[in-house]
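All chains should be modelled from the sequences, with the hints used to inform the complete structure.
Chains Y and W are the protein sequences, given in the same order.
Okay, so the first sequence: first residue is 7 according to this note's numbering, each after it adds one.
Okay, so the second sequence: first residue is 7 according to this note's numbering, each after it adds one.
The hints are all genuine.
No copy is singled out in the list; a pair is fine if it fits within one copy or between any two copies.
Below, a list of computed lysine to aspartate or glutamate pairs in the EDC-like style, where the Cα atoms sit at most 20 Å apart: (1) K240 <-> D87; (2) K128 <-> E44; (3) K35 <-> E130; (4) K240 <-> D84; (5) K241 <-> E83; (6) K240 <-> E83; (7) K145 <-> D63; (8) K145 <-> E131; (9) K145 <-> D64; (10) K241 <-> D87; (11) K135 <-> E38; (12) K145 <-> E130; (13) K241 <-> D84; (14) K229 <-> D118.
No wet-lab data here; the hints were simulated from the structure.
2 protein chains.
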Amino acid sequence: MNAPVTLAHIKTACSTCNLRELCLPVGLKRDEVESLDELVYTRMKVKRGESLFRTGDDFASLYAIRVGFFKTRVATEDGRDQVTGFQMAGELIGIDGIVTDHHNCDAVALEDSEVCVIPYSKLEELSRKFEVLQHHFHKVMSREIVRDHGVMLLLGSMRAEERLAAFLLNLSQRFTARGYSSSDFILRMTREEIGSYLGLKLETVSRAFSKFQDDGLISVQQKHIRISDIAGLKKVMGQTGSTC
Amino acid sequence: MNAPVTLAHIKTACSTCNLRELCLPVGLKRDEVESLDELVYTRMKVKRGESLFRTGDDFASLYAIRVGFFKTRVATEDGRDQVTGFQMAGELIGIDGIVTDHHNCDAVALEDSEVCVIPYSKLEELSRKFEVLQHHFHKVMSREIVRDHGVMLLLGSMRAEERLAAFLLNLSQRFTARGYSSSDFILRMTREEIGSYLGLKLETVSRAFSKFQDDGLISVQQKHIRISDIAGLKKVMGQTGSTC
DNA sequence: GAAACAGCTTGATCCAGATCAAACCCTCTT
DNA sequence: AAGAGGGTTTGATCTGGATCAAGCTGTTTC
Numbered sequence: 007m008n009a010p011v012t013l014a015h016i017k018t019a020c021s022t023c024n025l026r027e028l029c030l031p032v033g034l035k036r037d038e039v040e041s042l043d044e045l046v047y048t049r050m051k052v053k054r055g056e057s058l059f060r061t062g063d064d065f066a067s068l069y070a071i072r073v074g075f076f077k078t079r080v081a082t083e084d085g086r087d088q089v090t091g092f093q094m095a096g097e098l099i100g101i102d103g104i105v106t107d108h109h110n111c112d113a114v115a116l117e118d119s120e121v122c123v124i125p126y127s128k129l130e131e132l133s134r135k136f137e138v139l140q141h142h143f144h145k146v147m148s149r150e151i152v153r154d155h156g157v158m159l160l161l162g163s164m165r166a167e168e169r170l171a172a173f174l175l176n177l178s179q180r181f182t183a184r185g186y187s188s189s190d191f192i193l194r195m196t197r198e199e200i201g202s203y204l205g206l207k208l209e210t211v212s213r214a215f216s217k218f219q220d221d222g223l224i225s226v227q228q229k230h231i232r233i234s235d236i237a238g239l240k241k242v243m244g245q246t247g248s249t250c
Numbered sequence: 007m008n009a010p011v012t013l014a015h016i017k018t019a020c021s022t023c024n025l026r027e028l029c030l031p032v033g034l035k036r037d038e039v040e041s042l043d044e045l046v047y048t049r050m051k052v053k054r055g056e057s058l059f060r061t062g063d064d065f066a067s068l069y070a071i072r073v074g075f076f077k078t079r080v081a082t083e084d085g086r087d088q089v090t091g092f093q094m095a096g097e098l099i100g101i102d103g104i105v106t107d108h109h110n111c112d113a114v115a116l117e118d119s120e121v122c123v124i125p126y127s128k129l130e131e132l133s134r135k136f137e138v139l140q141h142h143f144h145k146v147m148s149r150e151i152v153r154d155h156g157v158m159l160l161l162g163s164m165r166a167e168e169r170l171a172a173f174l175l176n177l178s179q180r181f182t183a184r185g186y187s188s189s190d191f192i193l194r195m196t197r198e199e200i201g202s203y204l205g206l207k208l209e210t211v212s213r214a215f216s217k218f219q220d221d222g223l224i225s226v227q228q229k230h231i232r233i234s235d236i237a238g239l240k241k242v243m244g245q246t247g248s249t250c
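So this is what it looks like as structure tokens:
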């Protein structure tokens, strides 16, 4: 007896989304979350390899990832580029566009994905009304800044194996938060993309994977990673390489 | 005939601050800027070498730099640290604290400085009232994210000399925006701090300075830098080092 | 199911920047 | 004005990761 319209509505509402504990609605009260249902009324599918947005595109919306996996990257004029992050379900992308009204990076789907479109002007409007939403949005941006500083620390002062260990531990922890196994997962990105993110060449990434496998920390089968010694990985991350 | 009270008020008000074209009030209308005068009612002096805040401190306020120069840095448990930015007059620091209600980096004055204290809850309150202020604050955070991505690109894919050239050009441009010479300035930070920011050792920074001087791009006298060939520096930044 | 291709691994060699070391230059203190 | 100490420069050597090269593995296409 349910009209398709109703079903469609249920499917696109934040209030019934199974990601609401990870995504924008975190911490909002029932009626506040329901107000988001009017904010988020469009979904978009992005096929693997396609861009959700590119550097220079007009900025109008943020995107909450519903299903799938993305990378963001920035590039120089002379062709070099740098992966600035990997984003998974529940994470928000597009914030880079606010400052100039144009996007300042590319967002590329690493698998077939689906995003919720959040018109930015609407978000500003609603967050003027709902203190909790406002604060949560500020937290999301602040978290991104803190995360970026962590990546700078990694790029500026860690050795190759420490970087890869940090990367794996970070992925593991984010999978856990989404209810997936913390020790057994499929990498959605290539060795080259991992290398770009970590400031290493793909061969170095590959060698570090092999080293970790030889040391019994993980097992690697192409993109399938199984972490067998989390504590060991943490130890790799902590060591400075200095002898004191 | 002016009472001292009035003078004091003039001195602490955003509406009469000579940084209002760089700082929080950018783009605000007259009455909106005046509303900021109620937001910013405390100033603080921070002596050279002292911290404005440290990792772990309770977060309550953002700080707008009125006079002086700061660095922010993050550290690992095992003692390594990384400078994440250098901030000058008109720039906002402390945003890193929003996400966890505790600061996530240290902010250290590199010269005797003065900051305006912006109670964060008050800022949220006012930016619910003033759309323009809200949008401007979002832009500040978005700009910080975009800047951080630029630093990741630098750390992940540039050679030592390219990094230093990018750093000098960035400083030059920010000095210009503040009405100082774009080609003649005093570095407030040590070679070691520059190195930490750029992911290099201090000796490498020093050598790159000497190289630029030998090549006639700049002249260096300790912390006094004079850029004699901006275009040349830009060319250094653009070259990949590859032969194709 | 063969061919083509993209991605991955491993080995050999090279080099940019790190590390070690020493001297130098400022600035501040007494 | 001498001395101390932090910061800087420069030289010599070392090394982690880049680069070059070849073979391997899994997946897609026809």
